[in-house]
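K.L.:
Residue numbers (our numbering), protein chains in the order written: chain A, 15 to 231; chain B, 405 to 855.
Among the hints, erroneous ones may be present.
Examples of chain A residues lying across from chain B (beta carbon under 8 angstroms, computed) [claimed, not checked]:
1. R25
2. A28
3. D29
4. V32
5. R33
6. T172
7. A176
8. S179
Some, not all, of what chain B presents toward chain A, calculated at C-beta under 8 angstroms [said to hold, decoys possible]:
9. R478
10. I479
11. R481
What the hints contain is simulated information worked out from the structure, not anything from laboratory work.
Glycine included, C-beta positions come from ideal geometry on N, C-alpha and C.
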Amino acid sequence: MLGRNEVDLERSAADLSVRGADGLVRCFSCDLEQVDTFASAIGSAREALGGLDAVVVSAGIFATQEELEADPVLAERLVRVNFSNTVMFCEAAKKVLLDEGGGTLCVFSSVAGERGRKPVIIYGAAKAGLTRYLEGLDHKHRADGLRVITVKPGFVKTSMTAGLSPPPFAGEPDAVAARVLSAIDRGAPVVYAPAPWRYIMAIIRAMPRAIMRRVEF
Amino acid sequence: MSSRYTTGAMGEPPLSTISGWGRHSAQGRERVGEDLERISANVSLSRGLGRSYGDASLPSPDAPDVLNTTYADRILRFDEDTGLFRAESGFALSELNRLFMPRGWFTPVSPGTKFVTLGGMVAADVHGKNQHCDGNFGDHVTSLKMRVADGRVLECSPEQHSDLFKATIGGMGLTGHILEVEFGLQSIPSQWIWQESRRIHDIDEFQESLESAAPNWPYTMGWIDGLARGSRTGRGTLMCGRWADPEQAPPKPPKTRFRPRLRFDWPSWILNRATIRIFNELYYRKQWRRVSCGIVSHESFYYPLDAIRSWNRMYGRRGFTQYQCVLPREAGRSSARRVLEVLTARGGASFLCVIKDFGREGRGVLSFPRPGITLALDIAVRDDTQDLVDSLNEQVLQEGGRVYLAKDSFTRREHFEAMEGARLAEFNAIRDRWDPNRRFRSALSVRLLGD
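Okay, chain B solo, but in the shape it has when bound (with noise of 0.2 angstroms):
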């Protein structure tokens, strides 16, 4: 019986900072409750964990109310025979994990970070390290309750509202409120993975060891030294990885490790050449086998980075970005290395880069992956990552490329357009017939779409 009294209260609350996880921020105000179809009524924006790392959970400037969706985390179905699942938006992959895979079930696609909500994986089309074989999130929905510009809830669906649907996966909130998510569960066989890490001595290798791998393994992905140089370009750690079967498996589920948690900003000079070129050199050498395998816990082997809370703390005040683009197939072998030498070329350090293959396009008319190859990017931010992004993105579109939204903080709207053609012209005319006031609208919106 809480309140209805409180929102719309005598006087609006002061305006406060909301941020992405790469500490990009804008002054808005968080509306949260339990009641999302009750309180979305007049919100032009919903926001989940705040895991994308630019703009894309920002409202813009002249809408500053923003839903938070993480109150509304009820399971509203679960089907044993099937794996159906539908719960509301705000209901978060961590829970998901801890309550289903004691039980044999598993999200059929993860992010690298398990602290999103379902809400924030459709808008995202979150894609994880077995896009090869499962494509995206996006590819596993069966349906979206959603609230749409005109204030109407309904049910979306590939067969109901279905330019709804394509535009929702993928479309970064700009559709509409969504308010529950149903999709299929996967079954597994433990909770532990059979994972093989190889080294790997340049760009070129790895593009063929990933394009090789794929077929034997259900997931892979690749950890890039970002300062190796020349003949060096691209060396790193190749991870593949696969549910281990239950006699290989050890007898009790993995431990909850603590997770420390950083309290305050570093210092932004900690990070800088010389500390990423030690951490990297160290982590390349770990892997002084040539190939090493072995049996490891699923939350390692996904969620490496979760192992610190506020791990975004260590880029300091100004925060990072991440840049992270796909290059088609028909780019070529060598594509990789051309976008990675414009970053070495530039004396841009990445802290944190990763290579990983994708198998097929997504189902939603803005969804990120397409057959390739994707590399993602973290920068922290300085005076010049404006430019060393307009380089990189240039060479993307030579490549026939596009970015990665859910990511991105400071790709230009014209690179942007050119990057999406076709695709983008779609999703405005579906928001055309859905949204045509353009309600829904998020600060990414502003910045790329001209909302």
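Here chain A stands alone, though its shape is the one from the complex (with noise of 0.2 angstroms):
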């Protein structure tokens, strides 16, 4: 596990190794606004594993698109810690996947990166270049053994969506979880999390621009 809380990994570490994984869990450091730390945290999981067969990139930072409108410092540091930085993060996992002879990328983007929408513009715009982003390697790299899976979550009731108010089809991470697991076994490019959301955005991906304009969401 790669993080920038060390104290937080280690509990984690502790809960996982209780649930059955005993001795199979190594923390490193590493923090996604500091694109230098990348090389040496995969490089040290990959030692400690003895390789590596797959790797779930989850982390990110996410505001309102106010407090995104109120705080450019914020905002710029949004797009580049989602976009560029994980995308940087993805390239340096890639070059030690292919060298293993291929695995599994598997890269949380999210369901905001679909339309360009008001209360996630610039949150929304950065998922939406990683999404292209993923989708472009997945295409490249196939063919090499490396899988890509680009997760598109939708409303999660997290510590990330604490203060929003949850909409209908909320999910629980137990459940996107277990459609994330069972999207890397499958080798699924693209997956929806909970599984109404794959409707849901197929729904507001076909609506017309005029219509977009008028709602709120």
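From these two lone chains plus the hints, build me the complex, please.
P.N.:
In structure tokens form, the structure reads like this:
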């Protein structure tokens, strides 16, 4: 496990160990804001585990559109962390996985990247960029044995969305985890989680601009 | 790397309705998150899975924010040799059972539902079918990590800050946020229970049979037909159990069954005297043999009501209350009869009525159990429920008993003060030391403690 808060990582490691992954969990410090930590963190993980089969990237930051409009520094940071730095992390992970002869790179993007929508203009734009990058990566490297999986979570009740009032079809983290695991097993390139968001987003993608301009989601 | 920018966002989200299990509700805001230490800083109450029946997990009107602990559910330590277990307070008993029963471990004390968090089990100092020999959950807790009113995060135990520890067990979350819970698991020989059920003809026989079963069975409880009157008052079924030996038990662990969910509130007329009478008659007749025994799964023995999700919707939109009291041994054999007669005399219909003997006092300052007999009555909320609870409380006061705060939503402050006397004074004194400004409060503490 890689993350920026080592104390917190150790707690999650203890949890996983007691649940059955005893002896298989190691933690290394890595911060998505610091591009120069990526290669060494991934390298340490590879060494500790004796090779890598799959890398799952679920880190990122979130802020509401109002917060981002009020704070340009935060907006710049969010776009950098969620888009360019995540791309750079994937580039580093891709290199290692290809070196291993292939594997799975599973990255959390968002349904927010599907359409330009009023409440998630900046966040959604960064996620849209990430989604396109992952799509291209999958096209290029599937033949080399590298499977790139784009996860598009809808509204999930976690601390990320703690301040927001949940819409219908808001999902639980456990349900999302189960769907993502099954997508990794099947090698499905795109997975919506929880499941109903696939159909909700199909409708939203099909909406004419004239309607999108009028609605508030 | 989830956000640090969401809590305390630009506009506070609007208030929404937060309910207890009996559908009693208040307006508030639930704050959720994995990092309890960070998000508990300015919140005056924690809640877990919301299984307390009344207003214990509801915010007070002047402090609408409640911390929901259910995402803080990591296991932090488990010692295979001693069974010592530590986890974050939002960790649910259902998870503990799922992960640890196959490995031969079980909670030392389990309430009648597995959908409770460790934090809630401590705050209510829950008891189970083994109260008469193993006491309450709090008796098995070795240490708690807490956030207290002055903002400090500290560890408390019987040795360290023992006053805080004693007040927190059974303290209904009013002493601070419980962040982590450490307690000892019990090893079990199988996941099956050897159960004996016995038909009981009246309430006095019930009290006797519970007492005589206590030395022989680690788990006992009884179901009572709350509508039977006169000479049949308190008839029902006594259920006793012990863990089945591996050679008695079926070779495979019990299957997890499909659990239907009630999707809507039943109209309130469905549960009326007639339908409850039919159900009770059938349930009583089910035990047509004087005594029967056999192997049952731990789920059906411990958690029969968990078989239907959201069963509380059966009681309709107005919900229900559970009246649970304990009557001390000194009150004598017929104390339970006198309390039941208050219910039947007022025409109160209780759909579910449970009786159980308690063997010992809890460790917490306000722990509910004490040696004696406990009655738990589910009562649908109607216009006269307040009067009914008042009369029951007056009878319980005469018997020298008290009520269980985790179930309560109708008890008046003067009744509560009369029941708790010296214990309440001790609890208040500890709160004065740790939280003189009463930062921690709930709808229950406003109602019963005058916060």
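K.L.:
Against this structure, judge whether each hint is valid.
P.N.:
Here is how each hint holds up against the structure:
With its C-beta approaching chain B no nearer than about 6 angstroms, R25(A) sits inside the 8 angstroms limit, and its interface hint holds. The interface hint given for A28(A) is met, as the beta carbon of that residue sits about 5 angstroms from the closest beta carbon of chain B, less than 8 angstroms. Taking 8 angstroms as the C-beta cut-off, the interface hint given for D29(A) holds, the closest approach to chain B being about 4 angstroms. Interface restraint check for V32(A): the shortest CB-CB distance to chain B comes to about 4 angstroms, inside 8 angstroms, so the restraint holds.
With its C-beta approaching chain B no nearer than about 6 angstroms, R33(A) sits inside the 8 angstroms limit, and its interface hint holds. Nearest Cβ of chain B to the Cβ of T172(A): about 6 angstroms, under the 8 angstroms cut. The hint holds. The restraint placing A176(A) at the interface with chain B holds, with a minimum CB-CB distance near 5 angstroms, inside the 8 angstroms limit. Annotation: S179(A) was flagged as interfacial toward chain B, and the flag holds, the nearest CB pair being 5 angstroms apart, inside 8 angstroms.
Because the smallest distance between the Cβ of R478(B) and any Cβ of chain A comes to about 4 angstroms, under 8 angstroms, the interface hint for this residue holds. Hint status for I479(B): holds, given a least beta-carbon distance of 4 angstroms to chain A, under 8 angstroms. Given the 8 angstroms rule on beta carbons, the hint for R481(B) holds: about 7 angstroms separates it from the nearest Cβ of chain A.
Every hint from the earlier list agrees with this structure, and none is contradicted.
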